[in-house]
Amino acid sequence: MKEIVKQHPLRPIILEFDIDKPALDFETKALEAYYRQHDRTWDTKQQLLQHKDALFALEVKITELDYALLPIEQQLDFLEAGFQLTDQSGLPFIEEEFTIDVGEFNNDIIQHNRELVELWKGVDAEQKWYNEWADHIYENESWFDEQDDEGSDLIHKVFRHYEEVSVDIVSLDRDQQEFFGAVGEVTELQDEYFDYGEAILDLYTTLHERSEKVYRRAERINDHIDKNIL
Amino acid sequence: MKKPTMNFKNLDAAQLLQFAEEIHNKMTDNSDIFATPSPELATLATATAAYRDAVTEAAFNDRRAISFRNEKRGELETVISDLAKYVEITARGNQTVILSAGFLPTKDPSPDSGVNPKVERLAVQPHGLGSLKVAAKVAPWEKARYYQFEYRKKEAGAESNAVLSPTSTLDIENLEAFQEYEFRASYLGKSTTPNYSDVVSTFAL
Numbered sequence: 001m002k003e004i005v006k007q008h009p010l011r012p013i014i015l016e017f018d019i020d021k022p023a024l025d026f027e028t029k030a031l032e033a034y035y036r037q038h039d040r041t042w043d044t045k046q047q048l049l050q051h052k053d054a055l056f057a058l059e060v061k062i063t064e065l066d067y068a069l070l071p072i073e074q075q076l077d078f079l080e081a082g083f084q085l086t087d088q089s090g091l092p093f094i095e096e097e098f099t100i101d102v103g104e105f106n107n108d109i110i111q112h113n114r115e116l117v118e119l120w121k122g123v124d125a126e127q128k129w130y131n132e133w134a135d136h137i138y139e140n141e142s143w144f145d146e147q148d149d150e151g152s153d154l155i156h157k158v159f160r161h162y163e164e165v166s167v168d169i170v171s172l173d174r175d176q177q178e179f180f181g182a183v184g185e186v187t188e189l190q191d192e193y194f195d196y197g198e199a200i201l202d203l204y205t206t207l208h209e210r211s212e213k214v215y216r217r218a219e220r221i222n223d224h225i226d227k228n229i230l
Numbered sequence: 001m002k003k004p005t006m007n008f009k010n011l012d013a014a015q016l017l018q019f020a021e022e023i024h025n026k027m028t029d030n031s032d033i034f035a036t037p038s039p040e041l042a043t044l045a046t047a048t049a050a051y052r053d054a055v056t057e058a059a060f061n062d063r064r065a066i067s068f069r070n071e072k073r074g075e076l077e078t079v080i081s082d083l084a085k086y087v088e089i090t091a092r093g094n095q096t097v098i099l100s101a102g103f104l105p106t107k108d109p110s111p112d113s114g115v116n117p118k119v120e121r122l123a124v125q126p127h128g129l130g131s132l133k134v135a136a137k138v139a140p141w142e143k144a145r146y147y148q149f150e151y152r153k154k155e156a157g158a159e160s161n162a163v164l165s166p167t168s169t170l171d172i173e174n175l176e177a178f179q180e181y182e183f184r185a186s187y188l189g190k191s192t193t194p195n196y197s198d199v200v201s202t203f204a205l
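Note that the protein sequences, when read in sequence, are chains A and B. Numbering-wise, this note's numbering puts 62 at position 62 of the first sequence, and it's gapless, one number per residue. Numbering-wise, this note's numbering puts 161 at position 161 of the second sequence, and it's gapless, one number per residue.
No lab work stands behind these hints, which were simulated from the structure alone. Note that the structure is predicted; figures quoted are calculated from it, not measured.
Okay, the calculated beta carbon distance ranges per label pair:
{"hint": "1", "chain 1": "A", "residue 1": "Gln47", "chain 2": "B", "residue 2": "Gly93", "range": "22 to 32 Å"}
{"hint": "2", "chain 1": "A", "residue 1": "Glu178", "chain 2": "B", "residue 2": "Arg63", "range": "12 to 22 Å"}
{"hint": "3", "chain 1": "B", "residue 1": "Lys26", "chain 2": "A", "residue 2": "Asp39", "range": "30 to 40 Å"}
{"hint": "4", "chain 1": "A", "residue 1": "Gln47", "chain 2": "B", "residue 2": "Lys133", "range": "37 to 47 Å"}
{"hint": "5", "chain 1": "B", "residue 1": "Glu142", "chain 2": "A", "residue 2": "Gln147", "range": "43 to 53 Å"}
{"hint": "6", "chain 1": "A", "residue 1": "Glu198", "chain 2": "B", "residue 2": "Thr169", "range": "25 to 35 Å"}
{"hint": "7", "chain 1": "A", "residue 1": "Asp223", "chain 2": "B", "residue 2": "Lys133", "range": "18 to 28 Å"}
Derived SDA-like pairs (lysine to any residue); straight-line CA-CA distance at most 20 Å:
{"hint": "8", "chain 1": "B", "residue 1": "Lys9", "chain 2": "A", "residue 2": "His38"}
{"hint": "9", "chain 1": "B", "residue 1": "Lys85", "chain 2": "B", "residue 2": "Leu104"}
{"hint": "10", "chain 1": "B", "residue 1": "Lys3", "chain 2": "A", "residue 2": "Thr187"}
{"hint": "11", "chain 1": "A", "residue 1": "Lys61", "chain 2": "B", "residue 2": "Leu164"}
Glycine included, each C-beta is placed from N, C-alpha and C at the ideal position.
If we strip away everything but chain A, and leave its shape as in the complex, we get (with noise of 0.2 Å):
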């Protein structure tokens, strides 16, 4: 028997041959097969994982543009109750005198808002990956194709066929089932990432709508300044 290792990114492929039996032909297809299997795992495995880490950086955004509505906020409130727009008993007391540049307050809410577009253009390009991910996995169930299930196959054959095989099907066994972990990894790996890439778009979506709210509120200011004061 004669130990072959091919280095493959996701884990080492290592297979005993018996080199006095020639290779089969539905042997050689179903080695080829286990490669793509491994392939395709790797290549889901880095997508993920790109993906993955693209929603973290949309996250930090998120989390930086909501932040900067608490001061816009705060502010708010004081502008409203200057102009009357609403009932001051609500806000805290401070004893020095302050001022509002409301030019500087809009030039701040002009900013967060381009942002927020900016940060969109992303959500929309990863929202898009996932929402077609989610659909791929739900009418196949894995990322491997019907030309891997077709590969499943002939390594079943390769197993009933044993003595025929150059292949050892000890060394292929053991194999497999390291493989079988490796997919498992994947596999929860994908698991995760569903589960950050909703609460992602999830907290897109609050961003999104304290936001809107936060703009309405001071549109309104600014159409009070326009009737009454310039």
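Start from chain A and add chain B according to the hints.
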């Protein structure tokens, strides 16, 4: 719609046995829901026991035993697949019923299958003379995340420009004076595929 997952082909031997036993136990416990399973649960029990014995036999790296074990695995997978189809029909998408049969429900398809409604009442009004801008307005839609306005010069081969607005009104600026433009708009909700309004035209002043 939820359905039982059939993604068990890459489970290792111990996981597959555990999965088969879980299905048998849960469907037995919930026999009021799964009154006439097809194939019968006795068939599942027999296939599971045969696979378990074959796994034990194959533990000593005997080639014939490994081959036999794989055959028995194939038979067990077929029984589980057939039961999954029965559970799918019985459950009719109900996740609780799927779980009560010991199966895992599939991941939902994207929640984004809804189509954005077509924009209604797109109105475009030029501002005053020399302003070079127009005010575009559509009927608001509560689920819109953005409103996408598109405009182009009304002439052959003119390039379209798209502007995103978080509100249903938008001033479109820097247009050419006395040039006629075409406008259309779309809501963008959870679905990001545009569904454009009818085209309206006006001159910039």
